[in-house]
Amino acid sequence: MNTELLLQLTVNGLIVGLLYGVIAMCFVLIYKSTQVVNFAQGEFLLIGAWVCWGTLVWLDLPFYIGFLLTLGFMTLFGILIQAVFLRPMIGEPIISVIMITIGLSMFFQSLMKWIFGVSAESYPQVFETSVVNIAGLNIELAYILSLIFSVVMMAGFYWFFKHSRMGLAMRATAFDQQVASSLGISVSKVFAASWAISAMVSATAGIVIGMVNGVSSALSFIGIKVFPAVILGGLDSIVGGVVGGVIIGLLENLAEFIDSQYLHIGNLYTIAPFYILLIILTIKPYGLFGTRDIERI
Amino acid sequence: MEARKIETPEPLLSINNIEVVYDEVILVLRGVSLDVPQGQNVTLLGPNGAGKSTTLKAISGLLKTEDGEVSRGEISFMGERIDKKNAEEIVRSGIFQVMEGRRIIEDMTCIENLKLGAYTRNQKNINNEIERVFEYFPRLKERTGLAGYLSGGEQQMLAIGRALMANPKMILLDEPSMGLSPLLVKEVFGIIEKINKEQGITMLLVEQNANFALKHADYGYIMESGKVVLDGSREELLNNQDVKDFYLGGNDHNKSFKNLKSYKRRKRWL
Ligand SMILES: Nc1ncnc2c1ncn2[C@@H]1O[C@H](COP(=O)(O)OP(=O)(O)O)[C@@H](O)[C@H]1O
Ligand SMILES: [Mg+2]
Chain F
1 MNTELLLQLT VNGLIVGLLY GVIAMCFVLI YKSTQVVNFA QGEFLLIGAW VCWGTLVWLD
61 LPFYIGFLLT LGFMTLFGIL IQAVFLRPMI GEPIISVIMI TIGLSMFFQS LMKWIFGVSA
121 ESYPQVFETS VVNIAGLNIE LAYILSLIFS VVMMAGFYWF FKHSRMGLAM RATAFDQQVA
181 SSLGISVSKV FAASWAISAM VSATAGIVIG MVNGVSSALS FIGIKVFPAV ILGGLDSIVG
241 GVVGGVIIGL LENLAEFIDS QYLHIGNLYT IAPFYILLII LTIKPYGLFG TRDIERI
Chain U
1 MEARKIETPE PLLSINNIEV VYDEVILVLR GVSLDVPQGQ NVTLLGPNGA GKSTTLKAIS
61 GLLKTEDGEV SRGEISFMGE RIDKKNAEEI VRSGIFQVME GRRIIEDMTC IENLKLGAYT
121 RNQKNINNEI ERVFEYFPRL KERTGLAGYL SGGEQQMLAI GRALMANPKM ILLDEPSMGL
181 SPLLVKEVFG IIEKINKEQG ITMLLVEQNA NFALKHADYG YIMESGKVVL DGSREELLNN
241 QDVKDFYLGG NDHNKSFKNL KSYKRRKRWL
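Protein chains in written order, with the UniProt record's numbering: chain F, 1 to 297; chain U, 1 to 270.
Derived by calculation from the structure, the hints in this document are not laboratory data.
All values reported here derive from a predicted model rather than from experimental measurement.
A few of these clues could be false.
Coverage of chain U stretches by chain F, computed from C-beta distances (three or more under 8 Å per stretch; other residues unrestricted) [unchecked claim]:
1) 57-71
2) 88-98
3) 111-125
Computed list of lysine to any residue pairs in SDA-like fashion (alpha-carbon distance at most 20 Å, straight line) [said to hold, decoys possible]:
4) U:K64 <-> F:Q178
5) U:K124 <-> F:F161
6) F:K189 <-> U:Q123
7) U:K215 <-> U:D245
8) U:K186 <-> U:F212
9) U:K64 <-> F:P88
10) F:K189 <-> U:R121
11) U:K124 <-> F:G167
12) F:K189 <-> U:R92
13) U:K64 <-> F:Q177
14) F:K162 <-> U:N127
15) U:K84 <-> F:S188
16) F:K162 <-> U:K124
17) U:K84 <-> U:T65
18) U:K124 <-> F:R165
19) F:K225 <-> F:V212
20) F:K162 <-> F:Q177
21) U:K84 <-> U:E69
22) F:K189 <-> U:E89
23) U:K124 <-> F:H163
24) U:K124 <-> F:Q177
25) U:K64 <-> F:S188
26) F:K162 <-> U:N125
27) U:K215 <-> U:E198
28) F:K162 <-> U:D107
29) U:K85 <-> F:S188
30) U:K85 <-> F:Q177
31) U:K197 <-> U:G39
32) U:K64 <-> F:G91
33) F:K162 <-> U:R92
34) F:K162 <-> U:K85
35) U:K169 <-> U:I130
36) F:K162 <-> U:I126
37) U:K124 <-> F:M166
38) F:K189 <-> U:K64
39) U:K64 <-> F:I90
40) F:K162 <-> U:E69
Where a beta carbon is used, it is the ideal one built from N, C-alpha and C, also for glycine.
The task is simple: from the sequences and hints, build the whole structure.
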């Protein structure tokens with residue numbers, strides 16, 4: 001057995017999985033506080049990555065300015081999408097809401113192709129070296145950046161929901177909108193904030209991936225990969241989303257290992273997570289962390 | 001004869017002949033008027049379905065979250081009209097509603113619930129405020145788990161504590177005794193009275209449990225089918241024969257004010 005490859009793939013899996021976890025958190029954030037299943041989550045990555053790329057390549061701005069501009073843009077974008085498309089859908093059947101987000105997903109995918117073209121583009125070199133060697137493993141610098149990004153985002157989310165005033169307000173709104181109103185929380189402000197944060201963090205994830213793999217419509221496919229992660233975690237659990245993401249990342253790479261070493265089917269890594277998802281959901285229909293109501297004693 | 005209403009220049013809260021409709025068609029309140037003077041503990045009594053909760057939600061603005069609206073009349077608080085304001089603005093102006101069924105946030109701890117009570121306030125002295133709430137409800141301090149696992153009585157205490165955190169001028173309480181054992185009801189009412197006296201927070205308290213509510217109240221209103229049918233000071237109501245028959249230990253539950261002669265007389269007289 002090729003242990004070095006296995007180790008390398010496990011590390012990859014963990015790093016990519018944590019990134020999936022961050023995107024899953026963004027998805028769960030919207031689902032929990034606004035009850036919208038956002039099929040356009042992947043497009044947030046895509047748009048963020050392209051807009052940032054545009055500021056660097058077309059406008060020739062330094063990275064940190066382009067990045068901050070992108071964050072500002074995504075905040076407005078998230079709020080606008082919520083206000084224009086999703087707010088009027090409050091109280092409509094969930095299937096109509098899903099159709100809207102699928103529609104948005106297709107629209108923005110095409111729009112990005114129209115504006116930025118169909119070929120993949122790479123980011124200008126932001127850092128000097130691209131590969132670092134840690135304990136004999138070749139790890140791309142971008143992967144390390146991605147790891148740092150994921151961990152910081154997770155810690156940030158934890159702090160935000162545990163200690164910040166807005167984070168608590170979001171959890172209250174997710175629990176019961178009427179109760180939130182009775183506490184003086186503006187539910188529409190919470191909705192706007194959820195979409196803004198989700199769009200901003202997803203876009204950052206898109207930029208990080210874009211730096212590794214280049215920007216292309218493949219980015220929006222990550223939104224689809226995050227579904228198994230989120231459903232595995234239980235749809236309404238942020239921790240579940242993270243765990244689900246890591247599991248999917250590891251499974252993908254494990255499947256890649258088995259495939260390349262023994263089976264030689266090719267592309268097993270893209271479908272394996274979905275098979276595992278089916279199996280887990282058969283055993284645990286609420287996902288690993290999905291909540292049912294607390295029984296009061 | 002005693003004066004019907006307690007003499008004050010201007011009540012803190014004044015409801016003037018309001019009508020409330022749900023879903024634009026269901027008329028639930030049909031001309032309700034009541035006054036709550038500053039610093040008092042006023043109780044609103046009546047059978048299930050009379051419109052007590054609707055009255056409280058009309059004041060707190062929560063009606064709008066249920067597709068209800070004040071379609072006629074007006075509500076003023078400290079001389080300002082509030083019936084067109086939304087719930088957020090009304091909390092900020094100093095009215096806090098503790099909803100029926102406590103409605104604490106079950107997947108949060110006590111402290112997180114309390115912090116949320118102070119959502120509209122300056123967050124600076126929040127830990128002191130939490131300590132102040134724990135002085136009224138010492139047993140909450142020991143509960144560090146999720147609020148969903150608290151007993152009914154503790155959840156009610158948490159709901160009241162959460163209201164205190166907002167530092168309101170007035171608290172609206174919707175059936176705090178619901179589902180509690182008599183001993184706990186006594187404890188909860190005792191604390192409400194203490195808060196009313198010590199903090200000077202005006203209370204408007206809705207109850208079906210007239211015995212307890214009246215004993216602690218300064219003034220009471222009785223509602224039936226969307227209207228106030230009787231009001232008076234504690235003594236007046238406690239000594240009123242109809243109230244005695246129907247609400248205080250009356251065991252004949254088929255009786256209603258509508259069937260009582262004296263009530264009919266009063267109505268004609270009005
Ligand atoms: N959200 C609502 N939509 C429609 N009707 C309602 C709603 N809430 C209450 N009602 C009706 O209004 C009447 C008064 O209800 P409520 O104010 O809850 O009474 P109470 O609190 O005195 O028991 C009842 O007949 C009830 O069915
Ligand atoms: Mg009620």
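Self-check item: Ascending list of hint numbers which this structure does not respect
Solution: Failing hints, ascending: 24, 33, 34, 40.
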